[in-house]
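Trainee: Spelled out, the chains give:
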Amino acid sequence: MQRESLAIVSTPAEPPSTDVGEQTLIDRIRAGDEAAFDEVVLRHHERLIQFIYRVVGDRDEAADIAQDTFIKAHERFSDFRGSSGLFTWLYRIAYNESISLLRRRKLRSYLRIGTDGSTGEGWDRALSIESDPTQHLESEQLQQEVAAAVAALPPRQRAIFSMRHYEEMSHADIARVIGRSEGAVRANYFHAVRKLREQLSDSSLMQP
Amino acid sequence: MANHLNDDDLISLAETRDQPPAHVKACPQCAARLRAFERTLELSAAAPPTMDWNRLQAGAFLHRVRRGIHQQRQPRVTPWWQPALAGATLTVAVLMMFRVMAPIAPAPPIDPSPAAVAQVVDGWTDPQAAAISAGGSDDPLTSEPDMTDAELLSLIDAYLIDTASEDELLLTLGDFNDEEMVAALDP
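Line order of the protein sequences matches chains F and L.
If you're matching positions, the first sequence starts at 1 in our numbering and goes up one per residue.
If you're matching positions, the second sequence starts at 1 in our numbering and goes up one per residue.
These are computed hints drawn from the structure, not numbers from a lab.
One should not assume that every hint holds.
[To be verified] Computed from the model, here is a short list of chain L residues facing chain F with C-beta under 10 angstroms:
(1) Leu41
(2) Trp53
(3) Gly59
(4) Val65
(5) Ile69
(6) Asp162
[Claimed, not checked] Non-contacting residues of chain L with respect to chain F, defined by C-beta distances greater than 12 angstroms in every case (computed):
(7) Leu10
(8) Ile11
(9) Lys25
(10) Gln29
(11) Ala36
(12) Phe37
(13) Ala47
(14) Pro49
(15) Met51
(16) His70
(17) Pro75
(18) Ala84
For glycine and all other residues, C-beta sits at the position ideal for the given N, C-alpha and C.
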C-alpha cells in the first residue's frame with residue numbers, strides 16, 4: 001500500500017534531440033536567429049536547472065550555472081557538431097560547470113573561507129513534491145532522506161545517478177556528457193545505487 | 001549456492017524490472033537483495049531532489065540569459081588609469097633599459113694643434129699639470145726654459161696616451177699613419 005503510494009515515476013526524459021523541430025532550431029541559430037536561441041532556452045532550461053540542482057544542491061547556484069551554461073552554449077554554438085542531441089550537449093556544459101563549482105567549493109572549505117562554515121556540500125532540501133495531503137509528512141520525510149542520501153554521493157556519481165534515474169538518459173548519452181566510457185558510467189551508476197541502498201537502509205520507508 | 005547474482009546484475013534487474021532468473025526466485029537471499037535495490041530506486045524516484053520553479057521564473061531566467069549574452073558582446077570597459085599606468089611603466093622600463101645598455105659615447109677626436117693643447121692644459125687642475133701650464137721649474141721636464149713646441153707636444157702626447165681610455169686610444173690610433181702607429185705601439 002505504502003509502496004504503491006510512493007511509486008511516483010519521475011518525469012521521463014524527452015527523446016534525443018534529433019527531431020525535426022530541434023534541427024530547425026539549430027539551423028536557425030546557426031543563421032543568427034536570436035529568437036531560435038530563446039526558444040532553446042525556454043524549452044530546456046527547467047530540466048537543466050533541476051539536473052544542476054541535483055548535482056550542486058543549491059538553488060541560486062543551480063540557476064547561476066544554468067545561466068552560464070546557456071551563455072557559453074550561445075558563445076560556442078559553432079562548436080556544436082550535432083553528433084549528439086542539443087540537450088546532451090547542454091548537459092555536458094552544465095555538468096562541467098557544476099563539477100568546477102564543486103571543486104571550488106571544496107577548495108574553499110579546505111581553506112576555511114566558506115561563508116557559512118559548512119563542509120561544502122551545502123545541500124538545501126526542496127520540499128516541492130506534489131502529494132496527497134494525508135501523506136505530506138511521510139513525503140516530507142522521504143524527500144529529506146532521499147535528498148540526504150543523494151547528497152552523500154560523490155559529485156560524479158550524483159550526476160550520473162541523476163541523469164540515469166531522473167532524466168532516464170542512456171548510458172551512451174551519459175558517457176558523452178561526462179566524457180567517460182559507457183563502462184565507467186555503468187560502474188559509477190552501480191556504485192551510486194549501492195551507496196543509496198546503504199544510506200537508506202535504516203529508513204523505515206525501506207520496509208514495503 | 002554458487003549462482004548468486006552480483007550487485008550489478010541485481011541493480012540492472014531492479015532498474016529494468018525484467019523477469020528475474022530462476023535462481024533469484026528460488027534464492028531468498030538474492031530475492032531480498034533484489035527487493036532492497038528495487039525499493040531504493042522506487043524511493044529515489046518517488047522523491048527526487050527538486051527545485052521549485054514556475055513560469056514567472058522562466059521569463060526572468062530568459063531575461064538573465066539574454067543580459068549575460070549582451071554583456072559578453074560588449075567590449076570590456078577598463079578604468080582610464082590602467083592604460084596610463086601601463087604606458088608609464090613601459091616608458092620607465094624602456095628608459096632604464098637604454099640607460100643600462102647604452103654604449104659608452106666615443107671620445108671626441110684629439111686636436112693635436114698647440115692652441116688646442118694649451119686650452120686643454122689650462123683646464124687641468126692637478127698640481128703637475130698646473131705646473132706645466134705655468135711653466136714652473138719644479139718639474140725636471142718643464143724646467144727647461146727653451147723647450148720647443150715639438151718637445152712640448154711630444155710630452156703632452158705621452159701624457160694623454162698614459163691617461164687615455166682604451167676607446168680614446170683606438171680612436172687616436174685611427175688618425176695615425178703607419179709609422180706613427182708603429183712608433184706608438186712599439187714599447
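Trainee: Please confirm whether His70(L) is truly not at the interface, meaning its C-beta sits more than 12 angstroms away from all C-beta atoms of chain F.
Mentor: His70(L) is in fact no farther than 12 angstroms from some Cβ atom of chain F, at 10 angstroms.
Trainee: Taking 10 angstroms as the limit, does the beta-carbon of Ile69(L) come near enough to a beta-carbon in chain F?
Mentor: holds, 5 angstroms
Trainee: Regarding the assertion that Gln29(L) does not contact chain F, is the least Cβ-Cβ distance greater than 12 angstroms?
Mentor: Nearest chain F Cβ is 15 angstroms from Gln29(L), so the label holds.
Trainee: Would you check whether Gly59(L) satisfies its interface hint, that is, whether its CB is within less than 10 angstroms of any CB in chain F?
Mentor: With Cβ-Cβ at 9 angstroms, under 10 angstroms, it holds.
Trainee: Using Cβ atoms only, decide whether Trp53(L) comes closer than 10 angstroms to chain F, and label the hint accordingly.
Mentor: holds, 5 angstroms
Trainee: Examine each Cβ of chain F, and state whether all of them lie more than 12 angstroms from the Cβ of Ala84(L).
Mentor: holds, 31 angstroms
Trainee: Report holds if the minimum CB distance from Ala36(L) to chain F is greater than 12 angstroms, and violated otherwise.
Mentor: violated, 6 angstroms
Trainee: Measuring from the C-beta of Asp162(L) to each C-beta in chain F, is the shortest one below 10 angstroms?
Mentor: Where the cut-off is 10 angstroms and the nearest Cβ of chain F is about 70 angstroms from Asp162(L), the hint is violated.
Trainee: Take a quick look at Leu10(L) and tell me if its Cβ sits farther than 12 angstroms from every Cβ on chain F, holds or violated.
Mentor: violated, 9 angstroms
Trainee: Are all beta-carbon distances from Pro75(L) to chain F longer than 12 angstroms?
Mentor: holds, 15 angstroms
Trainee: Would the least Cβ to Cβ distance between Ile11(L) and chain F come out above 12 angstroms?
Mentor: About 5 angstroms separates Ile11(L) from the closest Cβ of chain F, which leaves it inside 12 angstroms; violated.
Trainee: Does Pro49(L) really sit off the interface, with its C-beta more than 12 angstroms from all C-beta atoms of chain F?
Mentor: Per Cβ check, Pro49(L) is inside 12 angstroms of chain F; nearest 4 angstroms; violated.
Checked against the numbered hints listed earlier, the structure breaks hints 6, 7, 8, 11, 12, 13, 14, 15, 16; every other hint is satisfied.
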